Amino acid sequence: MREFADLYDEIDTTTSTNLKVAAMVRYFRSAPPADAAWAAYILSGRRLKRFIGPALLRRWLVEASGLPEWLVEESYSSVGDMAETIALLTETDASQKTATDVPLAEWIDERLLPLRDVEEPAQREAIVGMVAIAALSRMLSAEQAADR
Amino acid sequence: MRVRGDRRRRGYDRGFVISDHADWPGLLDTCRATGAKQVLLTHGHSEALTRYLNEQGVNAAALETAFGDEE
Numbered sequence: 000m001r002e003f004a005d006l007y008d009e010i011d012t013t014t015s016t017n018l019k020v021a022a023m024v025r026y027f028r029s030a031p032p033a034d035a036a037w038a039a040y041i042l043s044g045r046r047l048k049r050f051i052g053p054a055l056l057r058r059w060l061v062e063a064s065g066l067p068e069w070l071v072e073e074s075y076s077s078v079g080d081m082a083e084t085i086a087l088l089t090e091t092d093a094s095q096k097t098a099t100d101v102p103l104a105e106w107i108d109e110r111l112l113p114l115r116d117v118e119e120p121a122q123r124e125a126i127v128g129m130v131a132i133a134a135l136s137r138m139l140s141a142e143q144a145a146d147r
Numbered sequence: 000m001r002v003r004g005d006r007r008r009r010g011y012d013r014g015f016v017i018s019d020h021a022d023w024p025g026l027l028d029t030c031r032a033t034g035a036k037q038v039l040l041t042h043g044h045s046e047a048l049t050r051y052l053n054e055q056g057v058n059a060a061a062l063e064t065a066f067g068d069e070e
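Top to bottom, those sequences are chains A and B. So for the first sequence, numbering that gives the first Met the number 0 puts the first residue at 0; every next one is plus one. So for the second sequence, numbering that gives the first Met the number 0 puts the first residue at 0; every next one is plus one.
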């Protein structure tokens, strides 16, 4: 998923349409077909259907962060996006923009989509674990980068 | 500038955090480190910090001053 995360960063850090398009061309030229298909799905603004919604994510964020619910609400209203609020509130001090090596398609097909068919506690455990792993891996790779 | 919406609304490519202000964890650490029993907040997101500190057992309140948000 590293390549997709890099693509997202490239698209997000320019206001130039030409540069955004160039970044997408580069990505889609080299991405494996399964990853490219999901990337096109996500970049065209579509969401996973029948999947865990923002209300549940918000509740788990409150539980996992240990922050009062009103403070999470306050953060959300200032950020304006639940995914970004979660990312900001779960970031660690040493975190850097480093994604995992697991391919995008594997993340979605094998880790996320199967969560549709499990009960809420198992969904919660999996998602909270993923967020914790993401924060940890960012921290570890930042440490490795600092050692170099 | 860490918040994407703030960058987008102003049409910036990138945002950098350059500030001589403490952030949320920094303010809380400082309050804790001083051991202050009472904290008065002069500007910024005083309402949220006042409420949070009070919930953490520190007597906090906003203090009206002539500070603006950019100072």
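These aren't lab readings, by the way, just hints derived from the structure by calculation. Small disclaimer: the values here were computed from a predicted structure and weren't measured. Every residue gets a Cβ at the ideal spot worked out from N, C-alpha and C, and that includes glycine. A few of these clues could be false.
Here are a few chain B residues that face chain A, going by a calculated C-beta distance under 7 Å [as the list claims (entries may be wrong)]: (1) V2; (2) G4; (3) R9; (4) D12; (5) R13; (6) G14; (7) A65.
Not the full set, but computed from the structure, chain B residues with beta-carbon under 7 Å of chain A [said to hold, decoys possible]: (8) R8; (9) G43; (10) A60.
Now for the hints, and whether the structure bears them out:
Using the Cβ-Cβ criterion of 7 Å, the hint placing V2 (chain B) at the interface with chain A is satisfied: the shortest such distance is roughly 5 Å. Hint status for G4 (chain B) relative to chain A: holds, with the closest Cβ pair at about 4 Å, below 7 Å. Contact between R9 (chain B) and chain A, as hinted, is not supported at the beta carbon level, the nearest pair being about 10 Å apart and thus beyond 7 Å. Hint on D12 (chain B) holds. Least Cβ distance to chain A is approximately 5 Å, under the 7 Å limit.
For R13 (chain B), the interface hint holds, since its Cβ comes within 7 Å of a Cβ in chain A; the closest pair sits about 5 Å apart. Using the Cβ-Cβ criterion of 7 Å, the hint placing G14 (chain B) at the interface with chain A is not satisfied: the shortest such distance is roughly 9 Å. Hint status for A65 (chain B): violated, given a least beta-carbon distance of 24 Å to chain A, over 7 Å. At about 10 Å, the closest approach between the beta carbon of R8 (chain B) and any beta carbon in chain A exceeds 7 Å, and the interface hint on this residue is violated.
Violation of the interface hint for G43 (chain B) is found here, the shortest Cβ-Cβ separation to chain A being roughly 12 Å, above the 7 Å cut-off. This hint is violated: A60 (chain B) has a C-beta 18 Å from the nearest C-beta of chain A, more than the 7 Å allowed.
Of the numbered hints stated above, those contradicted by the structure are hints 3, 6, 7, 8, 9, 10, listed in ascending order.
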